[in-house]
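2 protein chains.
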Amino acid sequence: MKFDAKSLRFNPDGLVPCIAQDHATGEVLMLAWMNAESLARTLATGQMTYWSRSRQAFWTKGETSGHVQALVEMRIDCDRDCLLARVRQTGPACHTGRRSCFFTRLRDGMEEPIA
Amino acid sequence: MKFDAKSLRFNPDGLVPCIAQDHATGEVLMLAWMNAESLARTLATGQMTYWSRSRQAFWTKGETSGHVQALVEMRIDCDRDCLLARVRQTGPACHTGRRSCFFTRLRDGMEEPIA
Chain A
42 MKFDAKSLRF NPDGLVPCIA QDHATGEVLM LAWMNAESLA RTLATGQMTY WSRSRQAFWT
102 KGETSGHVQA LVEMRIDCDR DCLLARVRQT GPACHTGRRS CFFTRLRDGM EEPIA
Chain B
42 MKFDAKSLRF NPDGLVPCIA QDHATGEVLM LAWMNAESLA RTLATGQMTY WSRSRQAFWT
102 KGETSGHVQA LVEMRIDCDR DCLLARVRQT GPACHTGRRS CFFTRLRDGM EEPIA
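Residue numbers (the numbering used here), protein chains in the order written: chain A, 42 to 156; chain B, 42 to 156.
Quick caveat, the hints were computed from the structure, so don't treat them as lab data.
Note that the coordinates shown come from a computational prediction; the quantities given were computed from them, not determined experimentally.
Accuracy of the hints is not assured; some may be wrong.
DMTMM-like mimics (lysine to aspartate or glutamate), calculated; alpha carbons at most 25 Å apart, straight line [what the hints assert, rightly or not]:
id: 1; chain 1: B; residue 1: K43; chain 2: A; residue 2: E153
id: 2; chain 1: B; residue 1: K47; chain 2: A; residue 2: E152
id: 3; chain 1: A; residue 1: K47; chain 2: B; residue 2: D149
id: 4; chain 1: A; residue 1: K47; chain 2: B; residue 2: E152
id: 5; chain 1: B; residue 1: K47; chain 2: A; residue 2: E153
id: 6; chain 1: A; residue 1: K43; chain 2: A; residue 2: D122
id: 7; chain 1: A; residue 1: K43; chain 2: B; residue 2: D149
id: 8; chain 1: B; residue 1: K43; chain 2: B; residue 2: D120
id: 9; chain 1: B; residue 1: K47; chain 2: A; residue 2: D149
Please take these sequences and the hints and turn them into a complete structure.
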């Protein structure tokens, strides 16, 4: 079936969440947001391009840091309201320098960094 | 540091997205939403409990289908606006009977089911 981005169920701001997962290790790296145009740019260029809600601007991951994400495979979910991008991550995905943004776990009511 | 759910950055509807990942295989199973109370219930019971936006009700995953998700580890991201739940999934996670909701990939402008 031909893919039509209009068939996605964007939220009232015109966005869908996109999970970035390391294609080789399966590690979940981050979650960011895409509008139809950032998805089109990502598919056309092979470089993950999100929509920055804080800056209200396109955000090509790594364009300043060099920590780019190359798209390996884009998937959509059954409800068509979430994307899963399997990526090849250069350097850390997180702005803190960690590989993944999910470096804090909850245990017994406490927050613990994951080594 | 003691975890306080009030420190999470909920959206205007009081929700954060929660990614469910198979703890053993790393497969991303689904994305759903949680409010503070569904997170509290999940942490207290060890059973993934989301907030259904369509039904506007708590949704203990698998309570009707039996396809429950046992929480293995809950993580929060650097921005405190997304959760990653590593889970032990009984049966399929997706209501279509697939293991994961992300069973459709985009390739060359086409949608393809993943075997």
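We went through each hint and held it up to the structure:
1. B:K43 - A:E153: Holds - the C-alpha atoms of E153 of chain A and K43 of chain B are around 9 Å apart, at most 25 Å.
2. B:K47 - A:E152: It holds: about 13 Å lies between the C-alpha atoms, which stays within 25 Å.
3. A:K47 - B:D149: 17 Å, holds
4. A:K47 - B:E152: Holds, at about 13 Å.
5. B:K47 - A:E153: 17 Å, holds
6. A:K43 - A:D122: Distance ~17 Å between K43 of chain A and D122 of chain A Cα, so the pair holds.
7. A:K43 - B:D149: 9 Å, holds
8. B:K43 - B:D120: Status holds; Cα separation ~17 Å.
9. B:K47 - A:D149: 17 Å, holds
Every hint, counting from the list given before, is met by this structure.
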